[in-house]
Amino acid sequence: MSATISQARLSFWAAMPLRSDTMNIKLIKKGDIILAACLAAVCAALMCFGIFSKGELVAVITVNGEVCDKINLGEVKGSYTLELATEPAVKVLVENNAISFVGSECPDKLCEKAGKLTKKGSAAVCLPAKAVISVEGSGGVDAVTY
Amino acid sequence: MKRSVLAPRLAVYIAAIALLFAVASGLGMSQSEKSDFAMDTFVSVKIIGKDSDGTADAVLAAIKSLEGDCLSRTNKESDISELNLLRSISGANPATLNALGTALDVCKKSAGAFDITLGAVSDLWDFKSGAAALPDEGLLAAAMSDVGYGSISVSGSSVSIEGNPQIDLGSVGKGAACDSARELLAQTQTKEAVVSVGGSVLLFGQRDFEVGVRDPFGGASDFAGVLTVSSACVSTSGIYERGFDLNGTRYHHILSSQTGYPVQNGLVSVTVVSESGVLSDALSTACFALGVEGGMALAEEYSAGAVFITEDKTVYVSDNLAGSLELLGGYAAAE
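Heads up: the sequence lines are chains R and S, in that order.
Per the working numbering, the first sequence starts with residue 1, numbered consecutively.
Per the working numbering, the second sequence starts with residue 1001, numbered consecutively.
Take the hints with a grain of salt, since some may be wrong.
To be verified - Below, in silico cross-link-like pairs of lysine-lysine (DSS-like), each with a Cα-Cα straight-line distance of 25 angstroms or less:
1) K1128(S) - K91(R)
2) K109(R) - K1128(S)
3) K116(R) - K91(R)
Unchecked claim - Distance windows between CB atoms, simulated:
4) A89(R) - N1164(S): 39 to 49 angstroms
5) T1314(S) - G139(R): 25 to 35 angstroms
6) E1335(S) - C68(R): 43 to 53 angstroms
7) C68(R) - D1136(S): 38 to 48 angstroms
8) N1164(S) - N72(R): 50 to 60 angstroms
9) N1247(S) - N72(R): 40 to 50 angstroms
10) G139(R) - Q1206(S): 41 to 51 angstroms
11) S138(R) - A1142(S): 46 to 56 angstroms
12) S1151(S) - E83(R): 44 to 54 angstroms
13) Q1206(S) - C38(R): 24 to 34 angstroms
14) A85(R) - E1311(S): 18 to 28 angstroms
15) T1314(S) - C38(R): 54 to 64 angstroms
16) G74(R) - S1231(S): 47 to 57 angstroms
Think of the hints as simulated: they come from the structure by calculation, not from any bench.
Where a beta carbon is used, it is the ideal one built from N, C-alpha and C, also for glycine.
Let's have the full structure, built from the sequences with the hints guiding it.
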């Protein structure tokens, strides 16, 4: 018996048999494996959650490269307008699953021409105001070329 | 006896937890999304990898430095500004030489349909103020008389221009930014990245990416089709972004090197896929200027993929992209 113990201490892998013939005792029980598997699953889920957790359509409003608001568009009921503190002034219309620039005072109105953003990966930019609205979420395209 | 059974079990737990930590830290995956303004447009960077935050900052800094040190026409200290002012520079940055060299090659292969010496001509057009006004014809003719990429000579890191043309690398700047981003990302432990410099996009990573091709007649969330590409750069030139409408004509920013006026050939957008950002950017403009037939031949010469969309919503796709483009409502492939 003492030989069996010393072998187990000598090598980690030697201690791995699920059943010790000499002792007829289970060294690793089924519960241990299930627990280890559960631990692994929880860790994997946490990691995936950290990396890929974006189930809904979320609008991100950025001014001068700084995020100033994030809005879950799926939770928006009705609609409302946000006035951004920019020069020139720009307004953003927030609706259920849509966001758009409206009534901007910029000269070329390119931001308004972008229309309503309803899909992940799309963005509208007001260059003079350095304001950007973009939509994030799961699914959809990785990028848009224009 | 009790101890002897506990020891291996404990060892298994410790090993399992150590393995999980090892896997977690080995992947070390974090995701970062950052944005800034550069190259006269909005730049966004999405990265999954080790130290994604630091990498995203570094990518944005690299793009800003490319603009400020190399390609800008407004920063007086950039290579291109100095070249335009002094008519000759030496010791130009490698990124400047790369962008310039590739752009000049496209100028030659497109027989001048693409020309990077339209700087003074495009300065006469105002696509930003919202005022729908044509440039003075006399001034336009004078500026056109200086146009000609043949006046540029590159020798090692020295560049010189004969005559008066003004170099404008605006048509390759966004693509060059994608190239400098990729160069930097390749030196980091980045698993995947999407860098958008305006409408020019870098897809970096070992997977297929989906890229929406903007519907020229719709908004930013409307696509004419969706391209599936692996690591590549994608650029588009279209008439819908910068331009104005006057007396029923669309005046847009893709200027003909022959007339100095916007190219009017029935195309509304051209999208090009290439490994090189500079090439995808230059070719999207060049292919637009050449039209479907000439543009398709030019793209093929560079083994690039191309998607041409006409004003009647017909789509011409190069053979190498035929299976990679899913067209959406209202758009039909040419027969």
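Hint by hint, here is what the structure shows:
no.	hint	verdict
1	K1128(S) - K91(R)	19 angstroms, holds
2	K109(R) - K1128(S)	9 angstroms, holds
3	K116(R) - K91(R)	13 angstroms, holds
4	A89(R) - N1164(S): 39 to 49 angstroms	41 angstroms, holds
5	T1314(S) - G139(R): 25 to 35 angstroms	29 angstroms, holds
6	E1335(S) - C68(R): 43 to 53 angstroms	49 angstroms, holds
7	C68(R) - D1136(S): 38 to 48 angstroms	42 angstroms, holds
8	N1164(S) - N72(R): 50 to 60 angstroms	56 angstroms, holds
9	N1247(S) - N72(R): 40 to 50 angstroms	45 angstroms, holds
10	G139(R) - Q1206(S): 41 to 51 angstroms	21 angstroms, violated
11	S138(R) - A1142(S): 46 to 56 angstroms	55 angstroms, holds
12	S1151(S) - E83(R): 44 to 54 angstroms	50 angstroms, holds
13	Q1206(S) - C38(R): 24 to 34 angstroms	31 angstroms, holds
14	A85(R) - E1311(S): 18 to 28 angstroms	40 angstroms, violated
15	T1314(S) - C38(R): 54 to 64 angstroms	57 angstroms, holds
16	G74(R) - S1231(S): 47 to 57 angstroms	33 angstroms, violated
When each numbered hint is compared with the structure, violations occur for hints 10, 14 and 16.
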